[in-house]
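*Asks:* Residue-level listing of the chains:
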Amino acid sequence: MIALTSPYLWYTTRATGLVALVLFTVVVCLGTFVSNRVGGTSVGRFELNELHRSVSMVAVAFLVVHIVTTVVDSYVPTGWLSTVVPMTSSYKRLDVAIGAVAFDLILAVWASSLMKTRMANTSWRFIHWFSWLAFVAAIVHGFLTGTDGRSGIGLAVIVSCASAVLVTALWRFFKRPARALGRTALSPLAPQDATKTDATKTDATTATPTTTTTKTTRPFPSGSHQRDRTRR
Amino acid sequence: MSRRIDHFVLKVDPILCDGFGHCHELAPELVHVDEWGYPIINEQPTSSSDLALLKSAKLAVRGCPRSALRIERISGPT
Amino acid sequence: MTMTISLPRVMHAASGRPLSLREHEATFGTTTVGAALLRELDASGLLGRGGASFTTAKKVELLRSQRGHHKVVVVNAMEGEPVGHKDRTLLSSNPHLVLDGAQYLATLIGARRIDVCVSRKDSAIVHHVQRSLHERELRKSGPTFVLHTPPWRYVAGEESALVHWLNDNETMPQYRPSRPHVLHVGRSPALVVNAETSAHAGMIGRFGADWFRELGTPLSPGSTLVSITGAVFRPTVHEVALGTTLRSILADAGADPDPQAILLGGYGGAWLSAEHQDVAYCNEALGPYGASVGAGIIVVVPKAACGIAETQRIVAWMANESSRQCGPCAFGLPALAQDLRTVLRGSRDPRTVLERLKQRCAVIDGRGACRHPDGVVRLVQSALEVFKDDVESHVNGTPCEGVTSSRHWVAVPALERESELVWE
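Protein chains in written order, with our numbering: chain A, 1 to 232; chain B, 1001 to 1078; chain C, 2001 to 2424.
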């Protein structure tokens, strides 16, 4: 292995790492917008989806540059293997390991998304959930590994990315559609308020035990449609 | 005279569909949406020579988050 | 052994208990038509008795053309319709006839296993079937019978839902993009057949197609079991020849001589106005009225009842029974129930409510993976037609007496949890 080092390689590694983190933050936020059915009026839902896909490609590109420059730079003795196999680096073993975990997961998510048409949708979604874990690993990796992450701009970036995703995750969970609510403002048949007030007016005059006015229902009724463990 | 397979129609798997509505945005001539956000697909076959509509249909198929859409090639209105 | 051509046929020698194998063979004999079975089945024109009325011979042909080596026959005795009890009654009196028919169909398609599915809520029926299967096991010949007891839901009787339960323990209907679609249990192509259809196949396998066609009409041959409930003195299962007038069937059951309307087919069927009582009970005659034989269900509703109230209760229950996989059904059916309730109570803007109801029916129809929403839409549309005058008076604020009555004529199981319904 030719000893190749240059301060520019090191700067590139750090810079692309931070940029990749910011881009992945954007990707995760866009993904939650798609899942929570944002858009339909001023911005198209499909546009958010396309943005999510495009930005993720850019983010992966920056990530690859980050990884390549790290490995090629012989100032830090990490080998190619340690980019995908955790705990095999001789430099900052744990930190690089967490980065490798993040990269593995991102690789799985990215590859499965490229092959999305060739696999069952449920399998694709199962893998896609791991993107959250990948992001957490990336944050931890960013914080632990570089000297940037401990102070100054680097720390500010990491903290803001982490908080942005945390807030988004909470919003994603609490504002999730109840079993595919899927109301789109584009629908000309979208019920106007007249429908709801009509129902509440007539039902106010008679005692009804039903929860007519609550909009959120239990996400999915646990009836015997669900997994039946007493079979046979 | 044999019927040529020169028309297409969009088909949705209603179980996979979760009412995201991307198909309606991408192919509004072919897909309308009901009051709950689920697609009402035009069942009349469209000629495959209508390239703009075919392109919209392909975009809708690609853009569906649940991969619930399919383009079915058929031989014209019965 | 010759069997009289008259009724009863599949309910022949029915008593208060199931016939044992020996009694069954003494009653029906053991000679079969042998190798001519496929021809006889084809010539008989037997239609499925589970509700869809699909020609059984066509189903068998389709399965015969499949290449899987381990085929199965699934006997569907789930009886998803709550007011129907013909399959249960059949299994409590002549279970071996059902099993014989399944065995004949299995030999036709080359199946080595027969999955008999009975809902677990009827422990007595499960016991009867188990007993009958044990008796056959002792003979040690023929295909293997396996008893399954899925949980009861309305959609559990739908064939794709039943097969999905056999595969994955969930009674959820599957999407079948193109018909005909062959269902698979595991990797085995499956012939799903209703219990009563299987019993008729058992009779055809013994006495032939000509005997079978002596009753019934050319398009709807043979006899069928009907479950009659409602305003009748004898609410039970009757075996009738297809093509007899509905009036005579009702008279046999001791029905109200002057009812308001009759519910035909099941909860997913249609209402028939009482003035059309003289229609022949077969699909070709009922078709023009928008009704069908369906699962052999007949509910008589008297003049004292409110047809819209009965329909609303059915629709609310059916909305709850949706497997909620498809949006139009999961959201649309509760909306229909809500609208019907608004019609019942009267509203400030009756035209809007009726328009919205009709529009929603048109929007929901045909957009689910299975026929559950289609059935409910058909019921609602037929109710709006048959009870037109009632609807008018209700929306104008003058409800009929029937709506306040606590007596209900169509038996609807209680909603498990009202809050489960997805109200808008």
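Calculated directly from the structure, the hints in this document are not laboratory data. There's no promise every hint is true.
Claimed, not checked - Computed from the model, here is a short list of chain C residues facing chain B with C-beta under 8 Å: (1) Gly2287; (2) Tyr2289; (3) Gly2290; (4) Cys2326; (5) Phe2331; (6) Gly2368; (7) Ala2369.
Said to hold, decoys possible - To spell it out: a stretch of chain B is covered by chain A in this simulated footprint if at least three of its residues, at any positions, have a beta carbon under 8 Å from a beta carbon of chain A; those stretches are: (8) 1018-1027; (9) 1065-1073.
Said to hold, decoys possible - From the derived model, a few chain C residues whose C-beta atoms are all more than 10 Å from chain B: (10) Met2003; (11) Arg2017; (12) Ala2036; (13) Asp2042; (14) Arg2067; (15) Arg2088; (16) His2127; (17) Leu2133; (18) Gln2174; (19) Tyr2175; (20) Glu2214; (21) Thr2245; (22) Ile2249; (23) Gly2327; (24) Val2363.
Values in this document were obtained by computation on a predicted structure and should not be read as measured data. The beta-carbon is built from N, C-alpha and C at its ideal position, and this holds for glycine as well.
*Asks:* Determine for every hint whether it applies to the structure shown.
*Replies:* How the hints compare with the structure:
1. Gly2287: violated (21 Å)
2. Tyr2289: violated (26 Å)
3. Gly2290: violated (22 Å)
4. Cys2326: This interface hint holds because 4 Å falls under the 8 Å limit.
5. Phe2331: holds (4 Å)
6. Gly2368: Nearest chain B Cβ about 6 Å off; hint holds.
7. Ala2369: holds (5 Å)
8. 1018-1027: holds (count 8)
9. 1065-1073: Per the Cβ count (4), the hint holds.
10. Met2003: holds (45 Å)
11. Arg2017: Label holds. Min Cβ-Cβ 43 Å, cutoff 10 Å.
12. Ala2036: Holds, since 38 Å exceeds 10 Å.
13. Asp2042: holds (28 Å)
14. Arg2067: At roughly 24 Å from the nearest Cβ of chain B, arginine 2067 of chain C sits farther out than 10 Å, so the non-interface label holds.
15. Arg2088: holds (30 Å)
16. His2127: holds (36 Å)
17. Leu2133: Per Cβ check, leucine 2133 of chain C is outside 10 Å of chain B; nearest 34 Å; holds.
18. Gln2174: violated (7 Å)
19. Tyr2175: At about 5 Å from chain B, tyrosine 2175 of chain C fails to clear the 10 Å cut-off, so the statement is violated.
20. Glu2214: The assertion about glutamate 2214 of chain C holds, with a minimum of 38 Å to chain B.
21. Thr2245: holds (37 Å)
22. Ile2249: Answer for isoleucine 2249 of chain C: holds, closest chain B Cβ roughly 37 Å.
23. Gly2327: Glycine 2327 of chain C not clear of chain B: closest Cβ-Cβ about 4 Å, inside 10 Å.
24. Val2363: Incorrect as stated: the minimum Cβ-Cβ distance to chain B is 5 Å, not above 10 Å.
Violated hints, in rising order: 1, 2, 3, 18, 19, 23 and 24; the structure is consistent with all others.
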